[in-house]
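Engineer: These are the residues of each chain, in order.
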Amino acid sequence: MRGDLPRLRHLPNREGGENLRRDVLTGTYFSLGDVACAEGALAAGCRFFAGYPITPATEIAEHMSRRLPEVGGVYLQMEDELASMAAVIGASYAGVKSMTATSGPGFSLMQENIGLAAMTETPCVVVDVMRAGPSTGQPTKTSQQDVMQAKWGSHGDYEVIALSPSSVQEMFDLTVEAFNLSEVYRCPVFVMTDEIVGHLMERLAIPKPEENRLVDRKKPTIPPSQYLPFRADEDLVPEMAIFGEGYRFYATGLTHDETGHPQTDSPEEHARLVQRLCDKIRKNANRIAKVEGVFLDDADVCIVGYGSVARSALSAVVEGREKGIKIGLLRLVTLWPFPDQVVEEVAAQVDKILVPEMNYGQMVREVERCAGRRKVESLPKLGDALHTPQEILAHALS
Amino acid sequence: MSAVQHPLEHYTRSGMIPHIWCNGCGDGVILGEFLRALDELKYDINRLVVVSGIGCIGRISGYTNTDSFHTTHGRALAFAVGVKAVRPELKPVVISGDGDLFAIGGNHFIHAARRNIDVTVICSNNFNYGMTGGQSGPTTPIDAYTTTTRYGNIEHPFNLAHLAAASGAVYVARWTSIHVKRMRESIKKAINKKGFSFVEVITTCPEEYGRRNKLADPIEGMKWLREVSVVRSFIDPIEAVVQPDKIVVGEFVDTEKPEYSDLLLESTRKVQANLEKEGKLTNVAL
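Here the protein sequences come in this chain order: A and B.
The first sequence: position 374 = 374 (my numbering), numbered continuously.
The second sequence: position 59 = 1059 (my numbering), numbered continuously.
Keep in mind that the hints were calculated from the coordinates and are not lab data.
Small disclaimer: the values here were computed from a predicted structure and weren't measured.
Hints may contain errors.
As the list claims (entries may be wrong) - Pair ranges (Cβ atoms, derived):
hint, chain 1, residue 1, chain 2, residue 2, range
1, A, THR264, B, LYS1257, 35 to 45 Å
2, A, ASP279, B, ILE1238, 54 to 64 Å
3, A, THR136, B, ILE1238, 49 to 59 Å
4, B, THR1147, A, HIS155, 16 to 26 Å
5, B, HIS1156, A, THR264, 30 to 40 Å
6, A, SER225, B, ALA1003, 14 to 24 Å
Just so you know, even glycine gets a beta-carbon here, dropped at the ideal spot from N, CA and C.
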């Protein structure tokens, strides 16, 4: 597999090249998933990382600590994940694209300020390289047990975006996409990967800087005297001033009106704010949610998978097709917002849906919700082993 | 006739006034002296970011006409560290309570002080959780009555000035809400100090702490502060006690130490200079 590809860690010097920049290491490499994620963040313009060491996400922090100073960015090792998430929000309000990376136990601690990021509409990216829980669980073992936590982890009603990479290449691509989405919708965006993808070594192609589509948050177009920090445009997203530009605005985790002032008694203001925070994602769900379909046109059985499990499911589908079985794969690239419409359409065409997951059955509930009366079967897997293609195929046919 | 304006009006977000604080509360005194300090320093308020946590004094970030952020409970300092790390030209000032900064946020306090990051912390210490109705906290004196220490507090309180000094703060002072001028001078020094600076202000809380500890009358509360306060600047902070019968006030630390955002910039520049020297300024070996 590796061939002659250089490892990203030991990239040879490339002197005098044209358009070669330190932030986008254009080229083809043999890379670790976690490292590809860090390089994706840098290519997306991330210049601040605050984190706390945790297996199996530590390589992201280590790589960022080495690379951020090279591009003029800041790596901060905080005292815990509560602080990491708070610092990420601070840096984002100071105008810098910011991220953190963690695993389940740290993700739990971050939920407090993920709620603050949702409430104060802070663009930021959180990577969760999932390991086996609950609690300390099995730190070095893989899982997909935090996918519901990504949606429901902090208290109150809010919406987030969560992406699920299946390969090292996608660790790069979807991290870039995560930054873009967070800037457009002003909300926390999660890269929900798992230990297998995080610790996978495979081919990574980093595009030229000009081929990376990058998006920045909307800046205020009006003078400070007229600026209302939480007045949303038609797209339900407010323009975002940053600290130090003279806008002198106030942001709070309390329910607030367009001016940013607390509204702790008004039921109307609370409903208006919470509905907008949810609707800016819900109303764009079809635009945000991405899936990949394989052999779905004539499929009788559909496997719905995501992350590393989708790779095994793809092998199962290929194996099934070789045997003449009408089986297809729907891979969820976006977990949240859940691609309701696509799943509804696929469910209407097939006899059965199988949902293999490295948890005790989480996203299968969403599939059931969208599948109407179609038969939906969960194929849970706990412990450090990916479903084998044969296992998936056998259950698909049973 | 034009309306008479308070001379500090332009430093406040007038739409947020009146404030929520009780009559006789020391938090308003802190707000007033903070604004007077800015005024006397002629500080460029566009450079200032006021950050607060949760609690009565947590509302202060809404009242100052600066860039300001009201964080979750205890996380104001961690937020401020993120701001300062990426925008060294800005000055975050964290104004919060004793429970917010030293119970739920205690870990962030000691680590921000350890890093010596250029943030000023002003702590309103009223010995209890006022906003939630007067529960005991990390600064409640021994034997004091609160809604969760009905039989008298049995926990040893923190000495905040000592904690700040031991954690690495380069400027530490303690005053009470009756020491208005000295408090203002210390706030001015703290804001101008490069590094982690800490000003503790012992505040009256007539409605919650006060009424359960024979200090319900605001005037009596202030008289008590005057009676028990003794100025002992630059004594060892461990001896700067806060007890119902003796509150040692003064400046306790004023020293110099390399500051975090400076060190960060210096370190980054060194990394980049080495890359340039090695001809790797464009694409670079990892």
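Engineer: It remains to establish, for every hint, whether it holds in the given structure.
Structural biologist: Hints and how they fare:
1. A:THR264 <-> B:LYS1257: 35 to 45 Å: Cβ of THR264 (chain A) to Cβ of LYS1257 (chain B): about 41 Å, so the range 35 to 45 Å holds.
2. A:ASP279 <-> B:ILE1238: 54 to 64 Å: With a Cβ separation near 56 Å, ASP279 (chain A) and ILE1238 (chain B) satisfy 54 to 64 Å, so the hint holds.
3. A:THR136 <-> B:ILE1238: 49 to 59 Å: Check failed, 37 Å falls outside 49 to 59 Å.
4. B:THR1147 <-> A:HIS155: 16 to 26 Å: 24 Å, holds
5. B:HIS1156 <-> A:THR264: 30 to 40 Å: For THR264 (chain A) against HIS1156 (chain B), whose Cβ atoms are near 35 Å apart, the range 30 to 40 Å holds.
6. A:SER225 <-> B:ALA1003: 14 to 24 Å: About 19 Å separates the Cβ atoms of SER225 (chain A) and ALA1003 (chain B), which means 14 to 24 Å holds.
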